[in-house]
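The sequence shown runs 1 to 435 under UniProt numbering.
Hints are computed from structural coordinates only; laboratory data are not their basis.
Be careful, since some hints might not be right.
Said to hold, decoys possible - Below, in silico cross-link-like pairs of lysine to any residue (SDA-like), each with a Cα-Cα straight-line distance of 25 angstroms or less:
hint, residue 1, residue 2
1, Lys73, Phe20
2, Lys374, Thr416
3, Lys204, Tyr423
4, Lys239, Leu224
5, Lys418, Glu301
6, Lys204, Lys73
7, Lys56, Lys77
8, Lys23, Ser42
9, Lys354, Tyr423
Stated by the list, open to error - Derived Cβ-Cβ restraints for the label pairs, each shown as a range:
hint, residue 1, residue 2, range
10, Leu184, Tyr321, 27 to 37 angstroms
11, Phe19, Ser268, 42 to 52 angstroms
12, Ser417, Ser268, 36 to 46 angstroms
13, Asn192, Asp137, 26 to 36 angstroms
14, Arg194, Thr249, 50 to 60 angstroms
15, Arg69, Thr191, 24 to 34 angstroms
16, Tyr274, Val74, 25 to 35 angstroms
Heads up, the beta-carbon is just placed ideally off N, CA and C, and yes, glycines get one too.
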Amino acid sequence: MNNSLISHLLEDNTQHHNFFILKLVSFLLAVIVPVTILMKISGLTTPNLSLTNIVKVVTASALILLFLRSILKVYGKHNASKWLVITSIFSIFMMFRTAAYAALEVHTILYLTIILSIFYFDYRLVIYATFLCIAGDYVFSLFFPQSIPTGGSAAEQFIRYLNYTWAGMAGSMGTYTMRQLLHLASELKYTNDRLQEDIEKEKKLEQILKDFIAAASHELKSPLGIIQSYAEALRDGLKPNKQEQYLNTIINETSYMGKLVNDMLDLSRLENGYAEITKQEFDIYQLTAKIIQRWQSWIEEKNLQCQIINQTAYPRVIGDYSKIEICLTNFITNALQNTPPGQKITIHIQEEEKHILWAIENEGSHLAEKDLQKVWLPFYRTDKSHSKEYRGTGLGLAITQNILNLHKSHYGVKNTSKGVCFYFSLPQAFSSVQG
Numbered sequence: 001m002n003n004s005l006i007s008h009l010l011e012d013n014t015q016h017h018n019f020f021i022l023k024l025v026s027f028l029l030a031v032i033v034p035v036t037i038l039m040k041i042s043g044l045t046t047p048n049l050s051l052t053n054i055v056k057v058v059t060a061s062a063l064i065l066l067f068l069r070s071i072l073k074v075y076g077k078h079n080a081s082k083w084l085v086i087t088s089i090f091s092i093f094m095m096f097r098t099a100a101y102a103a104l105e106v107h108t109i110l111y112l113t114i115i116l117s118i119f120y121f122d123y124r125l126v127i128y129a130t131f132l133c134i135a136g137d138y139v140f141s142l143f144f145p146q147s148i149p150t151g152g153s154a155a156e157q158f159i160r161y162l163n164y165t166w167a168g169m170a171g172s173m174g175t176y177t178m179r180q181l182l183h184l185a186s187e188l189k190y191t192n193d194r195l196q197e198d199i200e201k202e203k204k205l206e207q208i209l210k211d212f213i214a215a216a217s218h219e220l221k222s223p224l225g226i227i228q229s230y231a232e233a234l235r236d237g238l239k240p241n242k243q244e245q246y247l248n249t250i251i252n253e254t255s256y257m258g259k260l261v262n263d264m265l266d267l268s269r270l271e272n273g274y275a276e277i278t279k280q281e282f283d284i285y286q287l288t289a290k291i292i293q294r295w296q297s298w299i300e301e302k303n304l305q306c307q308i309i310n311q312t313a314y315p316r317v318i319g320d321y322s323k324i325e326i327c328l329t330n331f332i333t334n335a336l337q338n339t340p341p342g343q344k345i346t347i348h349i350q351e352e353e354k355h356i357l358w359a360i361e362n363e364g365s366h367l368a369e370k371d372l373q374k375v376w377l378p379f380y381r382t383d384k385s386h387s388k389e390y391r392g393t394g395l396g397l398a399i400t401q402n403i404l405n406l407h408k409s410h411y412g413v414k415n416t417s418k419g420v421c422f423y424f425s426l427p428q429a430f431s432s433v434q435g
């Protein structure tokens, strides 16, 4: 974790404990005053301790706390603020001892200065508080003789009980301090873990971007090279019977590059959340048949059997028509590309829990386990997916995945006994069923 983050957390901790200590001392004053008055009335204090002195000390302490609070509102996060707080608290406790002429029953009150300093997790502050207490006690021993309260053994016993109370409060505060320390450690660890996760995500995104740029550059390099070489050949002069062939090749390569750029732009819009979907009802069976008819010449050229099995009387779904058309086109051309000549492609349309499940299965080789999830990656091609009949951009399934994610569709790919099956689902249009 970087130092600036640690400093920020510790600054927040300093401010928090500054105000916590102010509240705690205010509570202690509220407790000490009635207890001291009760002890005075019961004759358990030294004769030197008067009610007038108690009122003076409480008034002065309240003014110090109010002044300290106003300063902390502005400078509470500064490191120097904790030193000011401990010095002020020590001064308040010293006033209580002065009012009692360093009586035995107020000796232990200075211990609270040391305990309160622990809250800041700064050993220098604890040493400073300890030094203040020792110096203050030494000064009192010079100016005030030992004062023993009246009341005999009962008073001494009560004072011991009072000392036990101080010790208990000190222990409670120490426990609270440890809990706060554990809480801070947990917060630091959580922040550090989140930071590490963000770093890992950034590294992965950076690597994905590098891979994407490298793959895109590779895809564009090949047609650019062909266009350049064919254009140079035309410039240098060709036999008339070859000019048309070269021009057609240049046009085809340019068309491929245009499709690749458009696909890259579409994928970028989808991945960055710029694409929106407009849902409507439509017949997915009719849309499938329309796309199959579009690729009929390729089907006949490869001598493939292509069958649509509609197992529902109402194959109407809810989705973005144009974007689902892209998905079906990508799934169907992917199947046509990877099905060996003379084999079969089967498309199933069926109802499944208020949804329409669309699945396309092509006969042929299975996908390797490592390819089952990677097929959705941009420019990813399996070893057996290269086809001379159809030249895809390598972005079709990546675009399809993003569109299906926008529809919150359940989709996937799996190996079957005959080959490979891609599938997805969309909500069924129930208005059609009811109508």
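Given the hint that lysine 418 pairs with glutamate 301, test it: the Cα-Cα distance must not exceed 25 angstroms.
Holds, at roughly 22 angstroms.
Holds or violated: 26 to 36 angstroms for the Cβ distance of asparagine 192 and aspartate 137?
violated, 43 angstroms
Between phenylalanine 19 and serine 268, does the beta-carbon spacing fit 42 to 52 angstroms?
Given a distance of about 50 angstroms, which is inside 42 to 52 angstroms, the answer is holds.
Agreement of lysine 56 and lysine 77 with the hint, judged by alpha carbon distance not exceeding 25 angstroms:
Not satisfied, since the Cα-Cα distance of roughly 31 angstroms exceeds 25 angstroms.
How does the Cβ-Cβ distance of arginine 69 and threonine 191 compare with 24 to 34 angstroms: does it lie in that range?
holds, 29 angstroms
Does the alpha-carbon distance linking lysine 374 and threonine 416 stay inside the 25 angstroms limit?
holds, 18 angstroms
Within 25 angstroms, alpha carbon to alpha carbon, are lysine 354 and tyrosine 423?
It holds: about 16 angstroms lies between the C-alpha atoms, which stays within 25 angstroms.
For the hint 36 to 46 angstroms, verify it against the beta carbon of serine 417 and that of serine 268.
holds, 38 angstroms
Holds or violated: lysine 239 to leucine 224, with C-alpha atoms at most 25 angstroms apart:
holds, 23 angstroms
Agreement of lysine 204 and tyrosine 423 with the hint, judged by alpha carbon distance not exceeding 25 angstroms
violated, 28 angstroms
Are lysine 73 and phenylalanine 20 close enough, with their CA atoms no more than 25 angstroms apart?
holds, 13 angstroms
Cβ separation of tyrosine 274 and valine 74, checked against the hinted range 25 to 35 angstroms
violated, 46 angstroms
The structure fails to meet hints 3, 6, 7, 8, 10, 13 and 16 from the earlier list, while all remaining hints are met.
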